[in-house]
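Q: Chain by chain, the residues run as shown.
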Amino acid sequence: MTDLDELEAESIFILREAYRRFDNIAMLWSIGKDSNVMIRLAQKAFVGRIPFPCAHLDTGKEFPETYAFRDRYAKEWGLNLIADDCPPIEQVDQSLPPASRFAARKSLGLEQAIKNYQFDGIIAGIRRDEQATRAKERVFSPRSPYGAWDFKDQPPEFWGQYTVVKKPGVHVRVHPLLHWTEVDIWRYIEREDIPIVPLYFARDGKRFRSLGEEGITFPVDSSAATIPEIIAELEETRAPERAGRAMDHEAEASFEKLRQSGYM
Amino acid sequence: MSVSESQKKRPFPIVIVGHVDHGKSTLIGRLLFDTGSLPEGKVEEIKQVSEKRGQTFEWAFLMDALQVERDQGVTVDASHIWFKSKKRPYVIIDAPGHRAFITNMITGAASAEAAIIVVDAEQGICEQTRHHSYLLRFLGFKKILVTVNKMDKIGWDGDKFDALVYDLNEYFSDLGLPLTGIVPISARHGDNIAKKSEKSGWYDGKTLIKAVDDIPRSSQSAGGPFRLPVQDIYKRGDERIIAGRIENGRLKVGDKIRVAPTGEEASIVQFKSWPENAAEISAVAGKSVAVTLDRDLFIDRGHILHLAADKALHSSHRLLVQLYWFGKAPLKEGQNLQLRLGQQETIATIEEIRRSFDIQSLTYGQESELPQHGMGEVVLRCRNRLAFDLASELAETSRGVLLDNDRIAGAVTISESLALADQTVQANITRVKDTVTGLERAEVFGHRGGVLWMTGLSGAGKSTLSMAVQRRLFERGYHVYVLDGDNVRHGLTRDLGFSAKDRSENIRRVAEAAKLIADSGAVVLAAFISPYRADRTMARDIIGEDFREIHVSADISVCEERDPKGLYAKARAGEIEKFTGVSDVYEEPLDADLEIDTGKEDIQTSVDHLISFVQNTYAIDRRKAKSSG
Chain A
0 MTDLDELEAE SIFILREAYR RFDNIAMLWS IGKDSNVMIR LAQKAFVGRI
50 PFPCAHLDTG KEFPETYAFR DRYAKEWGLN LIADDCPPIE QVDQSLPPAS
100 RFAARKSLGL EQAIKNYQFD GIIAGIRRDE QATRAKERVF SPRSPYGAWD
150 FKDQPPEFWG QYTVVKKPGV HVRVHPLLHW TEVDIWRYIE REDIPIVPLY
200 FARDGKRFRS LGEEGITFPV DSSAATIPEI IAELEETRAP ERAGRAMDHE
250 AEASFEKLRQ SGYM
Chain B
8 MSVSESQKKR PFPIVIVGHV DHGKSTLIGR LLFDTGSLPE GKVEEIKQVS
58 EKRGQTFEWA FLMDALQVER DQGVTVDASH IWFKSKKRPY VIIDAPGHRA
108 FITNMITGAA SAEAAIIVVD AEQGICEQTR HHSYLLRFLG FKKILVTVNK
158 MDKIGWDGDK FDALVYDLNE YFSDLGLPLT GIVPISARHG DNIAKKSEKS
208 GWYDGKTLIK AVDDIPRSSQ SAGGPFRLPV QDIYKRGDER IIAGRIENGR
258 LKVGDKIRVA PTGEEASIVQ FKSWPENAAE ISAVAGKSVA VTLDRDLFID
308 RGHILHLAAD KALHSSHRLL VQLYWFGKAP LKEGQNLQLR LGQQETIATI
358 EEIRRSFDIQ SLTYGQESEL PQHGMGEVVL RCRNRLAFDL ASELAETSRG
408 VLLDNDRIAG AVTISESLAL ADQTVQANIT RVKDTVTGLE RAEVFGHRGG
458 VLWMTGLSGA GKSTLSMAVQ RRLFERGYHV YVLDGDNVRH GLTRDLGFSA
508 KDRSENIRRV AEAAKLIADS GAVVLAAFIS PYRADRTMAR DIIGEDFREI
558 HVSADISVCE ERDPKGLYAK ARAGEIEKFT GVSDVYEEPL DADLEIDTGK
608 EDIQTSVDHL ISFVQNTYAI DRRKAKSSG
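Taken in sequence, the protein lines are chains A and B.
Just so you know, the first sequence maps onto residues 0 to 263 in the numbering used here.
Just so you know, the second sequence maps onto residues 8 to 636 in the numbering used here.
Bound-form chain A, shown alone:
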């Protein structure tokens, strides 16, 4: 098996454990590159038919290309799509800096979905190498009723045995891509020919390396217009993947704060 085969097998194992262990699980589909990889892995895990809903936490502020992509592939892949509107920005913790407040609408959207649909498991496509606080995550990560994360007292996780908590109000975040890196994602997209939003490819010297919403995500300088060029670019760069995400850089600890209060 190649390294991509091994990554794939591990993620499929995690997805199957999650589906079997929870009564009511959903996958977050941000429509970004990582979550499209996750969709492909779920199609493989469940032999073509994803047996749970895929939720897009819609702020109404995605790029037009993103919406076009969502509508096309939700249909083509036969997804059970949930795309409810996130609560308005007025309901967000007003002490957060502006871009973080924007992002925090997604946390509220998730909270709302968990409440409305009674989800006890949420599959999210975060990776350890993206961001330092995500590096501390477990594959199965239990959350309190408000989505909060107690990173100082996490249960151990080894030998493919994950923590499953079934208590009212508690949900568990499941992270099947935790052990992947950014370059792995691109190599897998190339190998499996997975469609992605065209904004990832350079146009006029700029491309999106990490895709969020309009107004708080910005393209980076790049001439990489094909997947092999993107892979080659990533081999060289020392700039972090989320450099174009305003909410990560507003204030010290702002992303940490977002995550502790329930952000993905």
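Simulated from the structure, these hints should not be mistaken for laboratory data.
Please note that a few of the clues may not be correct.
Unchecked claim - The calculated lysine-lysine pairs, modelled on DSS-like cross-linking and capped at a C-alpha distance of 27 Å, are: (1) B:607 / A:166; (2) A:256 / B:167; (3) B:54 / B:202; (4) B:93 / B:49; (5) A:74 / B:242; (6) B:202 / B:91; (7) B:206 / B:217; (8) B:167 / B:206; (9) B:54 / B:203; (10) A:165 / B:607; (11) B:54 / B:91; (12) B:94 / B:150; (13) B:202 / A:165; (14) B:93 / B:202; (15) B:339 / A:165; (16) B:167 / A:166; (17) B:93 / B:217; (18) A:165 / B:242.
Note that the structure is a prediction, hence the values are computed from the model and not measured.
Start from chain A and add chain B according to the hints.
A: Only chain B this time, still in chain A's reference frame:
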């Protein structure tokens, strides 16, 4: 990109462990610096800050500074630090100095390929060196490098180093853990990290980075016996797809497999894949697969497929295990915990703590309980029969975890399969000085005795199912009997009503009666609403380990619609007081041994499930039969 090239791009995961202050953080700082993995100007910046504070620069400050940036002010947990050597990228899975170090180290180490143990040249092997090393062994590590740090403190004395090498080799050979190498370094001064130091002219080995670079990446072996633990079954039309990850060996289309512990056999028809054009005809260890069989067998999560030609897996209710405990409260005999062995799950009782193990002296003791981070040899008595390998045979299918209140609190590896406890059947027989043993009865009937406790709402189908199963088993030569709720109330318990207290006494008498019939060698189907958990637990305690709780679980709306005896109608009309499901509670089983939903599946399917359950549960343990005969 070729496979070997792509493998080079994947970070090689390592853990760095060792006693506090032996230099883990300094070493990590130095590895980052010497491999050019730090942002430009970072070291100068920290040197200036140290000078301003009047401190001498320490590499650990660099780590602190990076941690603060990386972690934005929060305490470090199992964090990941990336660096690249000339040969390949690395990720250090690290949790320096944290009080939850062991928990995080186990989590991190479980996904690491290799470990570096840092030992102070002056202090040698210390308490945590021993503790961490033992855990690495317990987790099954094979690639371990020791680095002797702070060589400058002993003046790069080659004789002293040799003496320490002697101690280290002796200790690790006692531990049964071969070392990949021992490298003398000074992390603070950068000696023998990336470059050979001229201070150690007597040392002709590798630098630390070279030694780490030379550790091969392991690939899962396709050799040895095939094992596929079942994760789940997916139904697609008439097709039943068995999903799981191959833990060892290789499987191909056409292979004849056997299911443990049921013993049923079938052949592999197809590997199901998606997209469909990518269908495979064989798969090796590590691969997550989905297969179909040529026959419809009763297969469930936790069962293990192996090749019919291979020796069967071990199968027992009792296991002798090596146990590492990290629960906060000490582990005691008699305690009930949840055991997970791969995908198998059961309640396990700590039957006996045979001996404790002192990780420091590597000797056994006789402690009657295991404290947090204690280790011991323990007998587990499980509610369900489990299928497994021994740790001496195969790692992946011989290890598991214990959970206390949903939290992983212990790790076990199985060293022996033990015969069923002599306590229940045999102890009882000696008590009445019976002239026929339980085993002799079992040999005559072809099965052991036991009680299937069928609980569920009125109208769920307990009696109907029990009667149908009795008929089928009887025709197969089983000694079988149904104890039915309505029938016993005409005699054995006719003096009792339906108050909670009377219901409880009803269950007590019935459980005692069921136990007597089971002791005579029969399989008893006891069909009782038995709405309260406490009463069912009492029945389980009376009957012992051959008790199985079967939840006949049709939805109340289904039961009410059936209403075979017109009771729901009466209860709704207020003519019956305390009617379960209407005016009295039904406490659903939390961990039934089997759940049968008669609202969702037809009676024939339910009967089939129960029949194979009885066959598996009350089969004779042949090994024990021989050893006692």
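Q: Hints first: check each against the structure and report whether it holds.
A: Tested hints:
For the suggested pair residue 607 of chain B and residue 166 of chain A, the alpha carbons sit about 26 Å apart, so the restraint of at most 27 Å is met. For a cut-off of 27 Å, the pair hint linking residue 256 of chain A to residue 167 of chain B is broken: about 50 Å separates their Cα positions. For a cut-off of 27 Å, the pair hint linking residue 54 of chain B to residue 202 of chain B stands: about 22 Å separates their Cα positions. Annotation: proposed proximity of residue 93 of chain B to residue 49 of chain B holds, straight-line Cα distance about 21 Å (limit 27 Å).
Annotation: proposed proximity of residue 74 of chain A to residue 242 of chain B holds, straight-line Cα distance about 23 Å (limit 27 Å). This hinted pair checks out: residue 202 of chain B and residue 91 of chain B have alpha carbons roughly 15 Å apart, not beyond 27 Å. Proximity of residue 206 of chain B to residue 217 of chain B is assessed by CA-CA distance (about 18 Å); at most 27 Å being required, the pair is judged to hold. Pair hint residue 167 of chain B plus residue 206 of chain B holds up; C-alpha atoms about 14 Å apart against a cutoff of 27 Å.
The suggested pairing of residue 54 of chain B with residue 203 of chain B holds, with an alpha-carbon distance near 25 Å, which does not exceed 27 Å. Straight-line distance between C-alpha atoms of residue 165 of chain A and residue 607 of chain B comes to about 24 Å, which keeps the hinted pair within the 27 Å bound. A threshold of 27 Å between alpha carbons decides the hint, and for residue 54 of chain B with residue 91 of chain B the separation of about 24 Å falls inside it, so the pair holds. Distance restraint check for residue 94 of chain B and residue 150 of chain B: the Cα-Cα separation of roughly 18 Å lies within the 27 Å cut-off, and the hinted pair is therefore satisfied.
For the hint linking residue 202 of chain B to residue 165 of chain A, the alpha-carbon distance of about 53 Å lies beyond 27 Å, and the restraint is violated. Proposed proximity of residue 93 of chain B and residue 202 of chain B is supported: the alpha carbons are some 13 Å apart, at most 27 Å. Only pairs whose Cα atoms come within 27 Å are accepted, and residue 339 of chain B paired with residue 165 of chain A is accepted, the gap being roughly 26 Å. For the hint linking residue 167 of chain B to residue 166 of chain A, the alpha-carbon distance of about 58 Å lies beyond 27 Å, and the restraint is violated.
For the suggested pair residue 93 of chain B and residue 217 of chain B, the alpha carbons sit about 10 Å apart, so the restraint of at most 27 Å is met. Note on residue 165 of chain A and residue 242 of chain B: the hinted pairing holds, with a Cα-Cα distance of about 25 Å set against a maximum of 27 Å.
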